[in-house]
Every structure is written in structure tokens, then in C-alpha cells.
Amino acid sequence: EDQVTQSPEALRLQEGESSSLNCSYTVSGLRGLFWYRQDPGKGPEFLFTLYSAGEEKEKERLKATLTKKESFLHITAPKPEDSATYLCAVQAGGYQKVTFGTGTKLQVIP
Amino acid sequence: DTAVSQTPKYLVTQMGNDKSIKCEQNLGHDTMYWYKQDSKKFLKIMFSYNNKELIINETVPNRFSPKSPDKAHLNLHINSLELGDSAVYFCASSQTEDTQYFGPGTRLTVL
Chain B
1 EDQVTQSPEA LRLQEGESSS LNCSYTVSGL RGLFWYRQDP GKGPEFLFTL
51 YSAGEEKEKE RLKATLTKKE SFLHITAPKP EDSATYLCAV QAGGYQKVTF
101 GTGTKLQVIP
Chain L
1 DTAVSQTPKY LVTQMGNDKS IKCEQNLGHD TMYWYKQDSK KFLKIMFSYN
51 NKELIINETV PNRFSPKSPD KAHLNLHINS LELGDSAVYF CASSQTEDTQ
101 YFGPGTRLTV L
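Protein chains in written order, with the numbering used here: chain B, 1 to 110; chain L, 1 to 111.
Honestly, the hints are just simulated from the structure, not real lab data.
Accuracy of the hints is not assured; some may be wrong.
Cβ pair distances, simulated, as ranges [said to hold, decoys possible]:
1) B:K57 - L:S80: 39 to 47 Å
2) L:K22 - B:Q3: 28 to 36 Å
3) L:D70 - B:S18: 41 to 49 Å
4) L:E82 - B:E1: 23 to 31 Å
Away from chain B, derived, C-beta distances all over 10 Å, residues of chain L [to be verified]:
5) V12
6) K67
7) S80
8) L111
Once the Cα atoms are required to be at most 27 Å apart in a straight line, the calculated DSS-like pairs of lysine-lysine come out as [stated by the list, open to error]:
9) B:K57 - B:K69
10) L:K19 - B:K97
11) B:K68 - B:K57
12) L:K9 - B:K97
13) B:K42 - B:K63
14) L:K71 - B:K42
15) L:K9 - L:K41
16) L:K44 - B:K68
17) L:K19 - L:K9
18) L:K41 - B:K97
19) B:K105 - L:K41
20) L:K22 - L:K44
21) B:K79 - L:K40
22) L:K36 - L:K22
23) L:K52 - L:K9
24) L:K71 - L:K22
25) B:K97 - L:K67
26) L:K9 - B:K105
27) L:K41 - B:K79
28) L:K36 - B:K105
29) B:K69 - L:K40
30) B:K97 - L:K52
Ideal Cβ placement from N, Cα and C applies to all residues, glycine included.
Taking the hints into account, I'd like the entire structure generated from these sequences.
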């Protein structure tokens, strides 16, 4: 069965203090790894899709990377508005089911 | 324009009642999903429909019945509600196996 483990569960950063969130996964034939952002009381908002090891994608202060066993979401010089729960999910090839991790709750202090 | 919409936003009901949640997407996607997010924020897929055909049916009590009248709509009907059904239910859509886009959620509280 596909498994996704995210760490840490919670992360508190000072504004401007860069860090990384980890997503370790086990899947039979990865088709895609997804990163989402979820704000309180809202649905997950799509950030990135990564398809193969070595791939990287960037959006503003966020950069996602992928290896054969894990993905990192790097946050450079975060701002308070980056505070949210970040969810990682994987999709096995040829199957539409997506398995989510339990998320990392990020708090950025001004 | 809202891409994926759900109604109602909040639903408070008594144990044993039957309720429905509606979902609509205007993205032209072929596939729609229902997820349940528990109090620990874990998102778990319940059902998926592709062009009105059920393709994913996880281990969900048969009190839960999805219905897709057309590929833009996926409704969730729940019979004989139980306390453990309290959660946030999210609808999502995607173009075949591509990225999923989520609705705002329906917070169900069973008393």
C-alpha cells in the first residue's frame, strides 16, 4: 500500500529564516508527487507536481525537489503569509488514487 | 468564478438523519472525488468518478452513496448519520489522472 510520511509535524520559523519540509514516500511506480497548501477552513490549494527523480519546481519563495524516496519543500526567507499546512501526496502509475500525508503545519513569526 | 464549489459549507444534524452534500466543478474536468478530512487533518479518499462512472470506492460504509448526474456534478448522500461521520468533506476534480483541484469543504457535525 502507498505510504506518505511528512516531517516535521509542526515547524515554527522566524520571518526570513529558511528551512525545508520533508515528504518520504513508498509507492509502486510513482506517477506523480504533489504539494498542496491548506489554510485553516479552506480546501487544499495546488502548488506543484513532480514526476521524476531530479525534477525541481519553484514558485516565489517555494522550491520543491524530488528523489526516488523523498521530496523536499524548501522555503526561502519565509513571510508570515506563508503560514499554512503543507500537504504532500503521491499517485501510483496507472491508478487515479492519490494518497496524502498528514501534513506539516508551518507558522512564520514576524 | 469558483472552480469547484460545494454546498452547504456547514451542516449540523442529529444522529440517525440522512443528509446530502453537493459538488459542482466548472473546469471541464473528467474526474471528480470525495475526500474525508478527520480531526487530525488527514485527507483520505472515499470515492472517485470518471465521466459519471465509479472508478474508486475505498472502504467506506455503505451508508455513504455518491451520485454523479453528469461529469460536472458529484453529490454525496449519507444515510443514518453517526457521530464518527463528523469531519470535513472535500470534493475535488481533475482532468483524468492530472492534478486535483479542491473545493472549500463541507464541515459536517453530527450531534
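Verification of the hints:
no. : hint                      : verdict
1   : B:K57 - L:S80: 39 to 47 Å : holds, 45 Å
2   : L:K22 - B:Q3: 28 to 36 Å  : holds, 32 Å
3   : L:D70 - B:S18: 41 to 49 Å : holds, 47 Å
4   : L:E82 - B:E1: 23 to 31 Å  : holds, 26 Å
5   : V12                       : holds, 16 Å
6   : K67                       : holds, 19 Å
7   : S80                       : holds, 27 Å
8   : L111                      : holds, 20 Å
9   : B:K57 - B:K69             : holds, 17 Å
10  : L:K19 - B:K97             : holds, 26 Å
11  : B:K68 - B:K57             : holds, 16 Å
12  : L:K9 - B:K97              : holds, 25 Å
13  : B:K42 - B:K63             : holds, 23 Å
14  : L:K71 - B:K42             : holds, 24 Å
15  : L:K9 - L:K41              : holds, 17 Å
16  : L:K44 - B:K68             : holds, 24 Å
17  : L:K19 - L:K9              : holds, 13 Å
18  : L:K41 - B:K97             : holds, 18 Å
19  : B:K105 - L:K41            : holds, 10 Å
20  : L:K22 - L:K44             : holds, 18 Å
21  : B:K79 - L:K40             : holds, 25 Å
22  : L:K36 - L:K22             : holds, 14 Å
23  : L:K52 - L:K9              : holds, 24 Å
24  : L:K71 - L:K22             : holds, 13 Å
25  : B:K97 - L:K67             : holds, 18 Å
26  : L:K9 - B:K105             : holds, 23 Å
27  : L:K41 - B:K79             : holds, 23 Å
28  : L:K36 - B:K105            : holds, 19 Å
29  : B:K69 - L:K40             : holds, 25 Å
30  : B:K97 - L:K52             : holds, 16 Å
Comparing the model with each numbered hint stated earlier shows that all of them hold.
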